[in-house]
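There are 2 protein chains.
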Amino acid sequence: MKTIRASIIGFGAVGQGVAKVILSKSDYLKNIGIDLKVVAVADSRTAAVDSNGLDLSAVLSRKTEQGTVGTDNISGTEIIKTIDHELVIETTPTNIDTGGVGLDNMVAAFEKGIDVVTSNKGPLALKYCELGEIAKSSGSQFKFEATVGGAMPIINLASETLAGNKILSMEGILNGTCNYILCRMMEEHAPYEQMVAEAQELGIAETDPTYDVEGIDTACKLVILANAIFGMNATYKDVTVTGITKITPEALLMAHNDGYDIKLIGEVSGSKINVAPKLVPKDNPLAVGGTLNVASLQTDISGPVTITGRGAGSIETASAILSDIISIYRE
Amino acid sequence: MKTIRASIIGFGAVGQGVAKVILSKSDYLKNIGIDLKVVAVADSRTAAVDSNGLDLSAVLSRKTEQGTVGTDNISGTEIIKTIDHELVIETTPTNIDTGGVGLDNMVAAFEKGIDVVTSNKGPLALKYCELGEIAKSSGSQFKFEATVGGAMPIINLASETLAGNKILSMEGILNGTCNYILCRMMEEHAPYEQMVAEAQELGIAETDPTYDVEGIDTACKLVILANAIFGMNATYKDVTVTGITKITPEALLMAHNDGYDIKLIGEVSGSKINVAPKLVPKDNPLAVGGTLNVASLQTDISGPVTITGRGAGSIETASAILSDIISIYRE
Numbered sequence: 001m002k003t004i005r006a007s008i009i010g011f012g013a014v015g016q017g018v019a020k021v022i023l024s025k026s027d028y029l030k031n032i033g034i035d036l037k038v039v040a041v042a043d044s045r046t047a048a049v050d051s052n053g054l055d056l057s058a059v060l061s062r063k064t065e066q067g068t069v070g071t072d073n074i075s076g077t078e079i080i081k082t083i084d085h086e087l088v089i090e091t092t093p094t095n096i097d098t099g100g101v102g103l104d105n106m107v108a109a110f111e112k113g114i115d116v117v118t119s120n121k122g123p124l125a126l127k128y129c130e131l132g133e134i135a136k137s138s139g140s141q142f143k144f145e146a147t148v149g150g151a152m153p154i155i156n157l158a159s160e161t162l163a164g165n166k167i168l169s170m171e172g173i174l175n176g177t178c179n180y181i182l183c184r185m186m187e188e189h190a191p192y193e194q195m196v197a198e199a200q201e202l203g204i205a206e207t208d209p210t211y212d213v214e215g216i217d218t219a220c221k222l223v224i225l226a227n228a229i230f231g232m233n234a235t236y237k238d239v240t241v242t243g244i245t246k247i248t249p250e251a252l253l254m255a256h257n258d259g260y261d262i263k264l265i266g267e268v269s270g271s272k273i274n275v276a277p278k279l280v281p282k283d284n285p286l287a288v289g290g291t292l293n294v295a296s297l298q299t300d301i302s303g304p305v306t307i308t309g310r311g312a313g314s315i316e317t318a319s320a321i322l323s324d325i326i327s328i329y330r331e
Numbered sequence: 001m002k003t004i005r006a007s008i009i010g011f012g013a014v015g016q017g018v019a020k021v022i023l024s025k026s027d028y029l030k031n032i033g034i035d036l037k038v039v040a041v042a043d044s045r046t047a048a049v050d051s052n053g054l055d056l057s058a059v060l061s062r063k064t065e066q067g068t069v070g071t072d073n074i075s076g077t078e079i080i081k082t083i084d085h086e087l088v089i090e091t092t093p094t095n096i097d098t099g100g101v102g103l104d105n106m107v108a109a110f111e112k113g114i115d116v117v118t119s120n121k122g123p124l125a126l127k128y129c130e131l132g133e134i135a136k137s138s139g140s141q142f143k144f145e146a147t148v149g150g151a152m153p154i155i156n157l158a159s160e161t162l163a164g165n166k167i168l169s170m171e172g173i174l175n176g177t178c179n180y181i182l183c184r185m186m187e188e189h190a191p192y193e194q195m196v197a198e199a200q201e202l203g204i205a206e207t208d209p210t211y212d213v214e215g216i217d218t219a220c221k222l223v224i225l226a227n228a229i230f231g232m233n234a235t236y237k238d239v240t241v242t243g244i245t246k247i248t249p250e251a252l253l254m255a256h257n258d259g260y261d262i263k264l265i266g267e268v269s270g271s272k273i274n275v276a277p278k279l280v281p282k283d284n285p286l287a288v289g290g291t292l293n294v295a296s297l298q299t300d301i302s303g304p305v306t307i308t309g310r311g312a313g314s315i316e317t318a319s320a321i322l323s324d325i326i327s328i329y330r331e
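Residue numbers (this note's numbering), protein chains in the order written: chain A, 1 to 331; chain B, 1 to 331.
The set of hints was computed from the structure by calculation and includes no laboratory data. Some hints here could point you the wrong way.
[Stated by the list, open to error] Derived contacts from chain A toward chain B, CB cut-off under 10 Å, selection only:
#1 E145
#2 A151
#3 M152
#4 L162
#5 G164
#6 D283
#7 I326
Just so you know, even glycine gets a beta-carbon here, dropped at the ideal spot from N, CA and C.
Extracted from the complex, chain A is given alone in its bound form:
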């Protein structure tokens, strides 16, 4: 049995999802030789630290009831720099302009030789190669399946499960919010604005939906895939981005009558990284409905391999984080 001391830095929906999943899977983890002990949790204002392992149920309750995780007056970055542990679970919010505090946290962890598992796209969309190099030179493990596709394990599928294949290209739907809006516009023959409002009411779209509907979220994910799967040394500025805000119900209907859906498709092919609405034949594996994500990999010797799963949700994203943790520490 290996004892792994971990911090959870960022305690919004995903961070709390991770805490819940660690609690519910504690026995399973011990069965496969991993004693995962969370020694620190930080949100943007407060922290809880206990070198013997925190009571995660109590931390979760406190967060729900009082909006804080504890009384310790220490930032996430300081926790990483000063507290002995092996793993940082980095779940602070994505900032794609600067990388935000997540970038500082990852660098701080790697400088101490600490492993990082993250769902935070921003630092990877901006500084993938630099982060990979710092991690490598310090001997830290760096896993980020949760940054792309939620519970759909596209990164590890391509780089580990299909390791005998060279991946030639990838196309897919990497944003469930856009997929939901487009599906509903077609179903209801309703305008974009109306279905964005519905998605916001259901919690599927943010109050400010720009990041999703303009294709920015998909573009960030494509940058991560371009680097992780295709070794491209790409950043956000290398992506051509068109969102879904100009799509009309009339366009969707015309496509439908010819046997097509309109989907926001992200693709990495050759040196091209592109996100734009595209016609997809209704019987194509990419034509998935609702908030599902899908990715189709073209391989050199196995042909196409397509995977579909839930692209979002705090527990689904936490499951990807947990799978990454297991892949690092399982004996």
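Assemble chain B onto chain A, guided by the hints.
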């Protein structure tokens, strides 16, 4: 760089596919730290042995031109027992009545502490648990992604990539031949016998198609999945099996008019292992066409995850063998 000495035991379509893939991926393998040297190849009658590593191009040419792999008079099982090497690539034909020579080969390898990667379903459908125990007690690695779904990596997806999840149930199409026949019966509104004949002409069905069309092949794969993913200690006799020979074009058309396809679906759910034709809604991820395979895993915390890929083909199956080899020896 790790030098791995391997034998290829069984040199039909899959064995030859493995040799071709090893040849074409030799540089890639060295780049990830694996120097894979094939020191012996055996078909059912002849063998080629060279402790310095065989010239696989020459062995492939000889097999094509003369029908033999070499002049050495030694069986595959004797190779395993007497020649120093680390890995047996077991690609002899499937025998689901006795396990055939493949079963002897695997046991012989494990008794010497040799790792086994295989595409041979028979021994696993009959003696999964026994083989797993012998491998474990001798410290041998035992990988068999290629036994199910060809290039569709369902076993490693479930047990490694999705390791944070408990897999609750699985359903899928695991036999491309049946899927092809059913799709073509619908498209041509043609009887079963006619489309079997077409599939035979195209090399998609065997001269004796019983093994595929009666659901036996799917059942074997389900047994392997029931053991590998669900820990069920199942054998072939635990599967309820119905094939596709009674399906009529009229039944397919009736289903079609209600928005359904008829597919040969294998499922593992609770303690039930079952293969039978089922109605599948046309917009369900399982409704794939042609010779594709598909598997949908229901997970505890990520919901459904579905994967689709080519279920057969010698190079596709060889790619699964190569991915298994890489997962064992990659540094």
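Now for the hints, and whether the structure bears them out:
1. E145: 8 Å, holds
2. A151: 3 Å, holds
3. M152: 7 Å, holds
4. L162: Status holds, d = 6 Å.
5. G164: 3 Å, holds
6. D283: 7 Å, holds
7. I326: 4 Å, holds
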